[in-house]
Structures are given as structure tokens and as C-alpha cells.
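So the chains spell out like this:
Protein chains: 2
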Amino acid sequence: MTPGADGGAPTDTREEIVRAVMRALAKHGYAALTTKKVAAEASVSEAGLYYHYDSKDDLVVAFLEWALERDSARLSAAVGEDPVTRLYAVCDALLGDPEDDVDRGINVAMMELLAHAPHEERFADLLESYEWRVVDTVAAILEDGIEAGVFRSDLDAGATAAYVLVTTDGTAGAVMALGMTEVGRQVRERLFAYLDEVVLAPGVSPPPAYR
Amino acid sequence: MTPGADGGAPTDTREEIVRAVMRALAKHGYAALTTKKVAAEASVSEAGLYYHYDSKDDLVVAFLEWALERDSARLSAAVGEDPVTRLYAVCDALLGDPEDDVDRGINVAMMELLAHAPHEERFADLLESYEWRVVDTVAAILEDGIEAGVFRSDLDAGATAAYVLVTTDGTAGAVMALGMTEVGRQVRERLFAYLDEVVLAPGVSPPPAYR
Chain P
1 MTPGADGGAP TDTREEIVRA VMRALAKHGY AALTTKKVAA EASVSEAGLY
51 YHYDSKDDLV VAFLEWALER DSARLSAAVG EDPVTRLYAV CDALLGDPED
101 DVDRGINVAM MELLAHAPHE ERFADLLESY EWRVVDTVAA ILEDGIEAGV
151 FRSDLDAGAT AAYVLVTTDG TAGAVMALGM TEVGRQVRER LFAYLDEVVL
201 APGVSPPPAY R
Chain U
1 MTPGADGGAP TDTREEIVRA VMRALAKHGY AALTTKKVAA EASVSEAGLY
51 YHYDSKDDLV VAFLEWALER DSARLSAAVG EDPVTRLYAV CDALLGDPED
101 DVDRGINVAM MELLAHAPHE ERFADLLESY EWRVVDTVAA ILEDGIEAGV
151 FRSDLDAGAT AAYVLVTTDG TAGAVMALGM TEVGRQVRER LFAYLDEVVL
201 APGVSPPPAY R
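As given, the protein sequences belong to chains P and U, one line each in that order. Taking my numbering, the leading residue of the first sequence gets 1, the next gets one more, and so forth. Taking my numbering, the leading residue of the second sequence gets 1, the next gets one more, and so forth.
Isolated chain P, as found in the complex (with noise of 0.2 Å):
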């Protein structure tokens, strides 16, 4: 076991928390969460939770950490090919998928920790970090395929980039909080159709997954 990035619990124990933060948020909420209810999701004590973790906002935080490099490893996906195949692989991850508990638990739990950002500094830095990192991770690939004459030459990348974040970010009220599958289906073949009919420069296909 090596310590975690955040100086608390070894890794592997680390993982264990986080996901018992997950599901406790999942169930009670941010407000009513207690070091008691994340200890009652996880093989480790209350106890064993403070030798870690000095507060709940702590254990919070280090969900936040974990969720942020998760989603920082989706944010890689298919690095190293041609843009083209890592603009709509990287679209794919933020999208998600709302049959998979632990995208929907995370997404929903950082939907409920974004609505707490304006009085909650740290999750406010976090979050807000985190939504960078998607821009600029979008733009950066917009910019490389604007560059190799594969997206069309006008496209303003940063705002597309904020247009492709904001979009992936809104389905986590109406697909993954609600339920709303049917318009989960319907944002992700709208997106990819924007792709299509927008950023690709004329003549260009899409990867084959996607036509």
C-alpha cells in the first residue's frame, strides 16, 4: 500500500472510503451526511474513518478528488490518436452512461456538492478546477484538428469547448438524477450529429463507432 496523493488513507483503504462516500451521498444527501452514515457503507470503522479523515467535509473532499481523477482518466481517453477519434471518445466519457451506478452516483453526488460550490470554498475550488481541465482538455484537441484542416478552420475553439462541457454537465439532472433515459438517448446522438454537421471540416467522416 502507498499513501494516498492527499497525504490520508493509503490508497487501497482510500478507494474503499471514497465509494462509501459515494453511496452515502447517493442515500442521504450532502447536509445529512455523518462520519456514522459513510462508516455504515464501508467495511472500515467510525473510528478507522477518523484515523484517516479528520471531518466529514474531509471525506467529502477526498471523494471529490477521486471522482475529479477518474473523470481527469476519461479525459485521456483515446490520447495519442488523431483528433477526430479523441473528440468524440472524450465527448462519449463526459456524456457517461446512465446504466452504470457508479457514473450515476458520481454525477448526481457532484451535481448536489456544485449546488453547495457558493458556500463551500474547497468544493467550490475543486469543481470549478475540474470544469477547466474539461475545457481546456477539448479545446486543446479542437486546436490540434483545427491545425491538421480536420475541423473547420473558423470554429472558436474555447467556446465550443464551454458548449461541449455545459451540454455533458446537463445531463445530469433530467438523464442520470431523473431518470429521463429517451432524453439521455437523444442529447448523445444530437451532440455527435453537432460534431458532425459543425466542427468536422467538409469531406471529413466520423470515426467509425459513430456514424
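There could be a bad hint or two in this list.
Below, a sample of chain P positions facing chain U; criterion: calculated Cβ distance under 8 Å [what the hints assert, rightly or not]:
1) A124
2) V166
3) R190
4) E197
Hints listed in this document are in silico derivations from the structure and should not be mistaken for laboratory results. Predicted model, so just to flag it, every value in this text is computed and none were measured. Heads up, the beta-carbon is just placed ideally off N, CA and C, and yes, glycines get one too.
Keeping the supplied structure of chain P fixed, place chain U upon it in accordance with the hints.
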């Protein structure tokens, strides 16, 4: 004073109370909300609140009903005008104004209640009926415009309406809760560009205010 539509407080007392719920939600979050904290934001005593509402959740439901009525009114923006004018006006209303405290308060509070919807059936029912009302309203405008020849004939009205819903919902996090105003400006610009590029039939111009 006339009785409220929900059978609770008369409408002007109700307006006062639901605004207090909104401010209390913004300060404390849903799970930490108490009738005492709502009373602290209102010129009504805690006993006065109990006279009209039986529980904290009744207060939250009254807030949601008010917020959804307010948004329904916004969905009527430019009603009676041509489909092009209505579509741009409704999208504008759905994006809301991040500089307006009430718009921001409602959007962030609704995002928090969405996160609780999987565990609170009354919230889920109200929020889902609101989301469908947005989709149905936008889809009806799109169908009118396809019929009138001002929108592309091959447009999928339902999917495009779902896409508009999710994109505008998505501004609640980055733009409203985190205050990323540049992202808000870019999403607004990109959404209207999307309408110009993908929705309007060739040769049809956006309304003057959106050119």
C-alpha cells in the same frame, strides 16, 4: 388575498414564503433546511409557517411549484409571435441571467433538489413534469417552424428539444453555482449559433436582437 393554487397560504404570503425558502436553500442547502431557518428569512414566524405548511418538505414543494410556475411563464416568452422569434426568446429565458440573484438562486436550488430527486418522490414528480414541459414546449415551436418552412424540414423536433433542455440545464453548475461567467457568455453565443446553423432553414435569418 386569494387562496394559493396549492391550497396553502394566500398568494402574496406564499410569494413571501417561497422566496424565503429559496434564500434559506441557498444559504443552508436542502438537508440542513429547517422551518426555523426559513422563518429567519421571512417576515413570518415559525408558528406562522406551520399555519400554512405542515413540514419542511411542504415548504420545499411550495417553492418548487412557484419556481416551476415562474419558469412556465418564461416558456410563454413571445407566445403568439412567429416560430423563429419564439424559439430564440424561449432559449434566452431558459439560459436565465447569471447576474440576477433570483434566477441564480432558483437554478442552484433546483439543481440541489434534482440531486435529491432519486430519494424524494414529490421532488422527482414535479421536476420531471417540468423537464417534460420544457421539451414539449420547445418541440411544439420546432414543429410549427418546420410546418411554416422556417426551420429545416429534416429536423428531429423531439431530439433537438431534449438537447436544448440539457444544454440550458447544464448552465446551473459552471455558470450559476461556480460563477464561470465567460463560460456562460460562450454557451449563450454557441447555442444561438447552433440555432442559426442547424435549426433555421437556409436563407432564414435570426431575430434582429440575436444577429
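Now for the hints, and whether the structure bears them out:
| no. | hint | result |
| --- | --- | --- |
| 1 | A124 | 6 Å, holds |
| 2 | V166 | 4 Å, holds |
| 3 | R190 | 4 Å, holds |
| 4 | E197 | 6 Å, holds |
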